[in-house]
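Trainee: Sequences are here, hints too, so could you generate the full structure?
Number of protein chains: 2
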Amino acid sequence: MDKLEELKPIFYPKTLAVIGASADERKFGGGFLRSLQEFGFKGKIYPVNPQGTEIFGLKMYPSARDIPEPVDLAHIMVPARVVPNVLEDCVAKGVKGAQIFTSGFTETGEEEGRRLEDELVRIARKGIRLIGPNCFGVYCPASGLTLLPGYDFPKESGPVAFLSQSGGYAAEFSREAKGLGIRFSKVISYGNACDLNEADFMEYLAQDPETKIITAYMEGPKAGRQFMRLVQEVSKTKPVIIWKAGLTKAGARAVSSHTGSLSGEEAAWDALFKQSGAIRVKSLEELIDTTVAFLHLPPTTGRRVAVCGGGGGISVAAADACEQVGLSVPSFAAEIREQLRQILPPAGTSIRNPVDFGAPILPPVIIEKMLEIAASVKNIDTIIATQALHYILSGKLSFLFDTSGSFVQDSVQAPVNIKRRFGKPVIMVLPIGSDEVEMIDAERGRREIQAIYLNEGIPVYPTLERAARAVANVIAYYEKEVEIQ
Amino acid sequence: MDKLEELKPIFYPKTLAVIGASADERKFGGGFLRSLQEFGFKGKIYPVNPQGTEIFGLKMYPSARDIPEPVDLAHIMVPARVVPNVLEDCVAKGVKGAQIFTSGFTETGEEEGRRLEDELVRIARKGIRLIGPNCFGVYCPASGLTLLPGYDFPKESGPVAFLSQSGGYAAEFSREAKGLGIRFSKVISYGNACDLNEADFMEYLAQDPETKIITAYMEGPKAGRQFMRLVQEVSKTKPVIIWKAGLTKAGARAVSSHTGSLSGEEAAWDALFKQSGAIRVKSLEELIDTTVAFLHLPPTTGRRVAVCGGGGGISVAAADACEQVGLSVPSFAAEIREQLRQILPPAGTSIRNPVDFGAPILPPVIIEKMLEIAASVKNIDTIIATQALHYILSGKLSFLFDTSGSFVQDSVQAPVNIKRRFGKPVIMVLPIGSDEVEMIDAERGRREIQAIYLNEGIPVYPTLERAARAVANVIAYYEKEVEIQ
Numbered sequence: 082m083d084k085l086e087e088l089k090p091i092f093y094p095k096t097l098a099v100i101g102a103s104a105d106e107r108k109f110g111g112g113f114l115r116s117l118q119e120f121g122f123k124g125k126i127y128p129v130n131p132q133g134t135e136i137f138g139l140k141m142y143p144s145a146r147d148i149p150e151p152v153d154l155a156h157i158m159v160p161a162r163v164v165p166n167v168l169e170d171c172v173a174k175g176v177k178g179a180q181i182f183t184s185g186f187t188e189t190g191e192e193e194g195r196r197l198e199d200e201l202v203r204i205a206r207k208g209i210r211l212i213g214p215n216c217f218g219v220y221c222p223a224s225g226l227t228l229l230p231g232y233d234f235p236k237e238s239g240p241v242a243f244l245s246q247s248g249g250y251a252a253e254f255s256r257e258a259k260g261l262g263i264r265f266s267k268v269i270s271y272g273n274a275c276d277l278n279e280a281d282f283m284e285y286l287a288q289d290p291e292t293k294i295i296t297a298y299m300e301g302p303k304a305g306r307q308f309m310r311l312v313q314e315v316s317k318t319k320p321v322i323i324w325k326a327g328l329t330k331a332g333a334r335a336v337s338s339h340t341g342s343l344s345g346e347e348a349a350w351d352a353l354f355k356q357s358g359a360i361r362v363k364s365l366e367e368l369i370d371t372t373v374a375f376l377h378l379p380p381t382t383g384r385r386v387a388v389c390g391g392g393g394g395i396s397v398a399a400a401d402a403c404e405q406v407g408l409s410v411p412s413f414a415a416e417i418r419e420q421l422r423q424i425l426p427p428a429g430t431s432i433r434n435p436v437d438f439g440a441p442i443l444p445p446v447i448i449e450k451m452l453e454i455a456a457s458v459k460n461i462d463t464i465i466a467t468q469a470l471h472y473i474l475s476g477k478l479s480f481l482f483d484t485s486g487s488f489v490q491d492s493v494q495a496p497v498n499i500k501r502r503f504g505k506p507v508i509m510v511l512p513i514g515s516d517e518v519e520m521i522d523a524e525r526g527r528r529e530i531q532a533i534y535l536n537e538g539i540p541v542y543p544t545l546e547r548a549a550r551a552v553a554n555v556i557a558y559y560e561k562e563v564e565i566q
Numbered sequence: 082m083d084k085l086e087e088l089k090p091i092f093y094p095k096t097l098a099v100i101g102a103s104a105d106e107r108k109f110g111g112g113f114l115r116s117l118q119e120f121g122f123k124g125k126i127y128p129v130n131p132q133g134t135e136i137f138g139l140k141m142y143p144s145a146r147d148i149p150e151p152v153d154l155a156h157i158m159v160p161a162r163v164v165p166n167v168l169e170d171c172v173a174k175g176v177k178g179a180q181i182f183t184s185g186f187t188e189t190g191e192e193e194g195r196r197l198e199d200e201l202v203r204i205a206r207k208g209i210r211l212i213g214p215n216c217f218g219v220y221c222p223a224s225g226l227t228l229l230p231g232y233d234f235p236k237e238s239g240p241v242a243f244l245s246q247s248g249g250y251a252a253e254f255s256r257e258a259k260g261l262g263i264r265f266s267k268v269i270s271y272g273n274a275c276d277l278n279e280a281d282f283m284e285y286l287a288q289d290p291e292t293k294i295i296t297a298y299m300e301g302p303k304a305g306r307q308f309m310r311l312v313q314e315v316s317k318t319k320p321v322i323i324w325k326a327g328l329t330k331a332g333a334r335a336v337s338s339h340t341g342s343l344s345g346e347e348a349a350w351d352a353l354f355k356q357s358g359a360i361r362v363k364s365l366e367e368l369i370d371t372t373v374a375f376l377h378l379p380p381t382t383g384r385r386v387a388v389c390g391g392g393g394g395i396s397v398a399a400a401d402a403c404e405q406v407g408l409s410v411p412s413f414a415a416e417i418r419e420q421l422r423q424i425l426p427p428a429g430t431s432i433r434n435p436v437d438f439g440a441p442i443l444p445p446v447i448i449e450k451m452l453e454i455a456a457s458v459k460n461i462d463t464i465i466a467t468q469a470l471h472y473i474l475s476g477k478l479s480f481l482f483d484t485s486g487s488f489v490q491d492s493v494q495a496p497v498n499i500k501r502r503f504g505k506p507v508i509m510v511l512p513i514g515s516d517e518v519e520m521i522d523a524e525r526g527r528r529e530i531q532a533i534y535l536n537e538g539i540p541v542y543p544t545l546e547r548a549a550r551a552v553a554n555v556i557a558y559y560e561k562e563v564e565i566q
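Protein chains in written order, with the numbering used here: chain A, 82 to 566; chain B, 82 to 566.
Rather than coming from a laboratory, the hints here were simulated on the basis of the structure.
Some clues are possibly wrong.
A pair holds if it fits inside one copy or across any two, identical chains being indistinguishable in the list.
The list that follows gives simulated cross-link-like pairs (lysine-lysine, BS3-like), each with its CA atoms no further than 30 angstroms apart [to be verified]: (1) K330 / K363; (2) K330 / K355; (3) K450 / K330; (4) K450 / K108; (5) K363 / K561.
Mentor: Here it is in structure tokens:
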């Protein structure tokens with residue numbers, strides 16, 4: 082059966098039973114219902130609870146069996162020992178899918194939990210597909226499904242899917258995405274994966290026309306080989322970014338008590354990653370950074386970078402950071418150096434690439450000219466530029482630089498102009514600088530500028546190390562793709 | 082000669098000649114003078130410039146020779162070709178030390194620059210010690226010396242010294258330090274190191290009673306072996322944290338055009354680090370993180386950590402992050418798990434260590450009880466706890482949790498109480514969360530809470546990876562110390 086068709090009732094339910102609904106918003110059963118309503122679920126919600134008659138303006142039903150119309154999806158949040166009964170009701174009702182929020186199954190490491198989970202699998206075979214247990218379920222802006230506590234997640238859809246064995250990370254990424262311009266097709270927190278597992282979801286996302294970039298946080302796979310075969314296939318058309326956690330001893334133990342799975346051996350995963358076209362990342366930070374890079378960087382992004390920044394050792398660290406991830410920082414020819422010498426201050430300036438313009442701040446017209454010279458170099462594919470605008474935004478250095486008028490706007494416009502004129506990718510580094518309370522306005526300004534750049538298709542990172550790593554991940558993917566085809 | 086005595090006029094000048102002073106604040110010669118005055122230099126300033134008679138209320142002198150009293154230190158910011166003449170004037174005047182801001186010497190890679198720098202060395206032999214050229218010089222709160230543009234650097238002294246071949250990083254660290262409670266004895270930007278070099282400064286800092294923790298950013302050493310011998314010696318009493326940059330090919334090239342030095346081979350540095358007791362770090366971020374850890378963590382900080390946090394995969398990543406840097410996360414005994422089971426929510430909770438309490442937020446009384454149980458475990462040396470208070474500070478989840486009243490204050494008090502009661506080190510992770518503009522108030526709150534923890538001797542980091550790495554650096558130092566002695 083076509084995966085898109087098969088899982089459609091789960092991702093785009095027209096009717097949703099919330100089993101274990103509660104009038105108390107501080108309980109999961111109430112908080113979830115409120116989150117769904119606030120977020121704007123597009124279908125019809127049927128709260129189910131043997132106690133009560135109405136909740137948040139919705140009629141309550143004692144059991145799924147009593148719901149007067151067909152039900153696509155059930156969200157189950159009753160205590161673990163009650164889940165099998167409730168699930169039997171769903172099967173009797175003909176509910177097509179269920180996401181089981183409840184935990185207390187295999188991940189407890191106890192016999193009772195394992196037995197209960199086996200029972201869920203047995204019931205599921207009668208004709209219902211399960212997500213979880215021990216999961217947050219699905220966030221899908223197009224259908225209005227959201228996670229607890231995602232009432233304020235972005236309402237717009239986007240090209241990114243996140244497949245997460247952790248509910249915490251599913252919520253965290255969805256929330257962090259807001260400020261970074263990342264929008265989702267689907268976020269799936271799938272927990273213990275007793276029925277539908279990572280391979281099912283990967284197959285779905287491969288086919289899903291809404292999804293262009295697939296990201297995943299995995300602990301222990303249920304169908305590892307099948308999953309990696311799918312990854313290998315889908316990687317040819319969609320980048321797949323995977324964070325595999327739990328590869329240390331303590332990590333593996335934590336995996337077992339978190340989602341009741343086996344995390345596997347580091348060596349086996351290394352081999353799988355090498356065979357597939359997947360991009361491997363080592364933290365949520367790198368996963369998000371790499372997603373931002375994929376959203377904006379074209380397949381033509383190349384390893385030969387020009388790095389432009391201001392202030393001392395920054396050029397040395399920049400060169401180190403680039404080379405360590407396999408980017409190259411080619412030395413500029415004498416003729417290019419001469420052009421840079423004409424416009425940059427004579428003192429404390431390096432003009433070989435990295436270009437270090439000595440001061441943290443330069444007039445926008447010089448910045449633009451400098452970027453123009455760098456972008457015009459034939460053997461440069463990609464521009465990475467640092468902008469220490471937080472100095473200006475904080476009102477610091479005001480007696481050192483005439484930063485009045487449109488200084489900040491023009492400084493932000495310069496890289497935008499260069500990207501448009503040369504068609505070469507531009508990546509910006511906007512350092513956070515001091516994180517003292519008094520500098521909060523500088524941080525607000527930095528976030529505003531970040532939003533402008535992202536809107537112009539320019540990825541932004543707080544450090545050069547993070548920028549270089551994310552860019553290198555994108556390049557490695559497109560290189561591998563060429564190799565495979 | 083005793084280094085403390087020898088360099089006293091440089092670090093604690095009673096009289097300072099600013100050679101190349103300017104009435105234009107936007108020029109280096111004016112900006113530096115303004116910065117010094119605003120910061121509150123404690124000695125007497127003599128601006129020197131053949132043009133002009135007065136500047137910012139100070140009488141101007143045409144040459145150092147014309148200054149009517151003995152001069153301890155000269156700060157030189159005239160064009161490179163004029164520096165030798167000006168330095169001859171200083172020698173004639175009997176000035177004891179000079180920090181040469183001017184660049185355009187060996188780091189240009191050109192014959193003329195090299196020749197000029199050789200001349201400086203020749204002149205210095207007549208009886209003046211030099212810092213630089215191509216440097217920012219000294220920031221020393223006790224004497225009121227500051228870097229350009231450091232008019233707003235912390236005025237209080239502290240136990241940390243920073244020896245930096247980059248002026249940019251010297252300024253950056255000094256500024257970032259503010260919000261992190263790091264205070265300095267001396268920050269030294271020493272650039273090309275044509276006379277006084279890293280070994281001289283290390284010798285000074287070893288003897289300096291104000292300095293308890295030594296940090297360094299190095300590109301190319303002038304006296305590498307001597308420096309490392311000193312490091313080996315001083316490490317026995319003061320931690321020495323070193324970031325050696327320029328170890329990649331592009332990095333080495335950048336070093337040569339930044340401070341005109343040779344950066345050396347990765348392998349040679351590896352060996353030197355192994356032999357010395359120095360703590361090696363790989364970025365400014367890690368250098369600062371490690372400094373914060375050394376400021377607050379006692380020598381008894383041990384590798385066996387309890388990790389407590391909320392929300393899913395966080396426990397797995399936490400375990401991975403700890404093990405990857407050599408910390409261990411011992412599984413709790415059944416009896417401890419039982420105690421935790423009594424107080425934590427049944428659903429989605431891991432109680433083995435890492436303790437994952439399932440939700441990002443728990444009532445403060447539960448948090449404190451949980452930390453108490455963890456801290457009371459005999460084979461646990463150190464506590465690392467994550468607090469997702471940004472959810473509350475942002476006003477998010479307000480319908481899910483009753484966070485009114487003193488919820489936040491009590492949540493912050495809990496780890497403070499545990500640290501006091503058990504005397505075991507506590508490290509907090511306060512994630513930044515979403516960096517969208519609308520969440521800026523959450524960030525302000527996070528910074529306020531960070532300040533409270535730092536004030537209580539509790540190091541704070543935005544990610545668990547960074548926390549684990551910094552803590553591991555501290556532990557490795559004290560372990561090595563024991564080995565050496």
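Trainee: For every hint, state whether the structure bears it out.
Mentor: Taking the hints in turn, this is what the structure says about them:
For the homomeric pair K330 and K363, the shortest alpha-carbon distances inside one copy (16 angstroms) and between copies (25 angstroms) are both at most 30 angstroms. Proximity of K330 and K355 under a CA criterion of 30 angstroms is satisfied in both settings, with 22 angstroms inside one chain copy and 27 angstroms between copies. In this assembly of identical chains, K450 and K330 lie within 30 angstroms of each other by CA distance solely across copies; the values are 27 angstroms between and 53 angstroms within a copy. For a Cα distance limit of 30 angstroms, the shortest separation of K450 from K108 across copies, 22 angstroms, qualifies, whereas the shortest one inside one copy, 58 angstroms, does not.
For the identical chains of this complex, K363 and K561 are neighbours both inside a copy (19 angstroms) and across copies (29 angstroms), given an alpha-carbon limit of 30 angstroms.
The structure shown violates none of the earlier numbered hints.
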